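Asks: Position chain C relative to chain L; hints supplied.
The listed protein sequences correspond, in order, to chains L and C.
Numbering-wise (the numbering used here), the first sequence opens with residue 1353 and increments by one.
Numbering-wise (the numbering used here), the second sequence opens with residue 1353 and increments by one.
Just so you know, the hints here were simulated from the structure itself, not pulled from any lab data.
You can trust all of the hints, since none of them are fake.
The calculated DSS-like cross-link candidates involving lysine-lysine, where the alpha carbons are at most 27 Å apart (straight line), are: (1) K1652(L) with K1618(L); (2) K1661(L) with K1525(L); (3) K1556(L) with K1522(L); (4) K1516(C) with K1469(C); (5) K1586(L) with K1625(C); (6) K1593(C) with K1593(L); (7) K1419(L) with K1586(L); (8) K1610(L) with K1618(C); (9) K1597(C) with K1652(C); (10) K1610(L) with K1617(C); (11) K1618(L) with K1621(C); (12) K1652(C) with K1429(C); (13) K1500(L) with K1543(L); (14) K1586(C) with K1593(L); (15) K1469(L) with K1525(L); (16) K1625(C) with K1604(L); (17) K1525(C) with K1543(C); (18) K1593(L) with K1600(C); (19) K1597(L) with K1610(C); (20) K1525(C) with K1419(L); (21) K1600(L) with K1586(L); (22) K1593(C) with K1618(L); (23) K1621(C) with K1597(L).
All values reported here derive from a predicted model rather than from experimental measurement.
Number of protein chains: 2
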Amino acid sequence: MIRIGVDANGGDFGVEATVPGAMRAISIYDDIEIVLYGDENKIKPLLTNSERITVVHTDKTMNMGEKDPIKAVRGGKDTSLCMAMYAAKNGEVDAVVTSGPTQCVVMAAHLIIRRLKQMERVALCPLIPNLDGNPRLMLDVGANVELKPEHLGQFAIFATVAAKEVFGIKEPKVGLLNIGSEPGKGRPIDKETYYYLEDLEGIKFYGNIEGDDIVNCPTDIILTDGYGGNICMKSLEGTAKGMAKMLKEEIKSSLGGKIGYLFMKKNLKRFAKRMDSSEVGGAMIFGIGKPVVKAHGNSKGYAFSNAIKQVRTMVLSNLIEKVVEALPEQKKDDNNE
Amino acid sequence: MIRIGVDANGGDFGVEATVPGAMRAISIYDDIEIVLYGDENKIKPLLTNSERITVVHTDKTMNMGEKDPIKAVRGGKDTSLCMAMYAAKNGEVDAVVTSGPTQCVVMAAHLIIRRLKQMERVALCPLIPNLDGNPRLMLDVGANVELKPEHLGQFAIFATVAAKEVFGIKEPKVGLLNIGSEPGKGRPIDKETYYYLEDLEGIKFYGNIEGDDIVNCPTDIILTDGYGGNICMKSLEGTAKGMAKMLKEEIKSSLGGKIGYLFMKKNLKRFAKRMDSSEVGGAMIFGIGKPVVKAHGNSKGYAFSNAIKQVRTMVLSNLIEKVVEALPEQKKDDNNE
Chain L
1353 MIRIGVDANG GDFGVEATVP GAMRAISIYD DIEIVLYGDE NKIKPLLTNS
1403 ERITVVHTDK TMNMGEKDPI KAVRGGKDTS LCMAMYAAKN GEVDAVVTSG
1453 PTQCVVMAAH LIIRRLKQME RVALCPLIPN LDGNPRLMLD VGANVELKPE
1503 HLGQFAIFAT VAAKEVFGIK EPKVGLLNIG SEPGKGRPID KETYYYLEDL
1553 EGIKFYGNIE GDDIVNCPTD IILTDGYGGN ICMKSLEGTA KGMAKMLKEE
1603 IKSSLGGKIG YLFMKKNLKR FAKRMDSSEV GGAMIFGIGK PVVKAHGNSK
1653 GYAFSNAIKQ VRTMVLSNLI EKVVEALPEQ KKDDNNE
Chain C
1353 MIRIGVDANG GDFGVEATVP GAMRAISIYD DIEIVLYGDE NKIKPLLTNS
1403 ERITVVHTDK TMNMGEKDPI KAVRGGKDTS LCMAMYAAKN GEVDAVVTSG
1453 PTQCVVMAAH LIIRRLKQME RVALCPLIPN LDGNPRLMLD VGANVELKPE
1503 HLGQFAIFAT VAAKEVFGIK EPKVGLLNIG SEPGKGRPID KETYYYLEDL
1553 EGIKFYGNIE GDDIVNCPTD IILTDGYGGN ICMKSLEGTA KGMAKMLKEE
1603 IKSSLGGKIG YLFMKKNLKR FAKRMDSSEV GGAMIFGIGK PVVKAHGNSK
1653 GYAFSNAIKQ VRTMVLSNLI EKVVEALPEQ KKDDNNE
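This is chain L alone, in the form it adopts within the complex:
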């Protein structure tokens, strides 16, 4: 039985999204048990069955607008987010799913579950929608703004194993996000990383990819640092939202548009679905000792259940053990900074 810890109070909608998501996942997968960390008074009325589900009470929640993640995690041991992380650290659950505030989730995973000693940095790896319908793994979009080629190499190995084990991609290709397609392009770190990845064992390096490849991407994995990853992913999200808004405005602006909408309603819904990241699952935290998936803050029940499905696959495939085998041993144990 796979035991999944859920931060039930987290996210924009709290228990209103996480509990229906958990109930949905339980009904689909008979090999999972879920522990809901959250406000039992609010959770109980939402439970549709009591099988394979446990509630551990806390009415404390990590604030979605939290600006100081380290302080918030250190002072927030009794929040539903941190309680789920402690349970994973102590082996009470095998994995954690949360839609809490991103930087707090990364920090809590890092400070509570702890980094694998083979990984020198922790990465946030969301799934990026792609034209061909198969999402791409992009990392790091977290807070690592200064990475060395070795760190990016560790991320590449981690993501390669995850792409194989969790997403069933036979020979995942790794692309380096850069500002030109040829080797020798970009910042000094990009040039160094290019040559480092060319020689790195355990990955299939494709070469540089550019921002305009992002939703029509020739690689399965998009490797970048927290600066490039954040700018790229947010530009993608902002453009997609902006275009959807413009399209709605133009459709509503005339009678022809409104009539046309009635005919192509289904087509436009399918279009929206293809661009919707909640369809593909949540962002994975790579580099720590347990699988953790961070669902979108605005996830509703369906999206949250997809994140549970994803973390289930991460546990089932023994992802962490396989990554540890694939990663080269670090020279010194610097796990406890």
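Replies: The following block gives chain C in isolation, referenced to the frame of chain L:
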């Protein structure tokens, strides 16, 4: 009379786009004269009048796939691009418009026209479509991957004067592209630049903006280095193209979609127009002694005439003189590296 030099052989379509664009501009503005640098055998049949238009013959063209811009510019004095730049340097024309290969255009402007001594770097400043219909100035999206806060400050002043003089914005706001909204976010250079801009005279600094603000932007100017600018702009372009493709696929996938399309054809065309960068003009090269506008490589006549319109306004408003007044004097003359 404003004399505009046009790289007639340049771009994906060469004279087929540049000559109709020039003819269109001539017919609208009676205060411009155009010198077409290009293949006169191909140009002559396309001229619809001979008033205020001169052809200077060259059948040499800068290759759109050129990988070594410095070598290409140094060895390409007789290309239409370089000939237009030399004419600007020698005062034969007041400004240059080209749809040639971006890095070669930046390099030719830099090496031939030369940098202003008040500017330590040359920036490429495209216009980014925005939800409110008013484009935003983004710089630098060129090759400057390592900038100091002072360089970004000079770009901010240049763009502020351009936003006022060329686009009629009374008090342009400058935003710093970053990976968080609060001060203290980002790479060391982003943090330093934030505090530098706060104290910089001659600009109105708004603070950090993020990638998801990009098409719904609270500032008139988006300041970044060549790495962030390239990633952001290409992600925007790639997402916009990808979404347009998905939308077309979904519409074509059913009869309802096709019928709906007939009703909302005009609406969808207006939508496409709002996202089309050729509507707003070309990218400006900032930091050199003459106005230069780089139109999209795939510009057709209409887009190219918009780029001519834009460079005309740059000359008419005495942009370069006003920028020189606004910029602090540099300590040493390092114009001739």
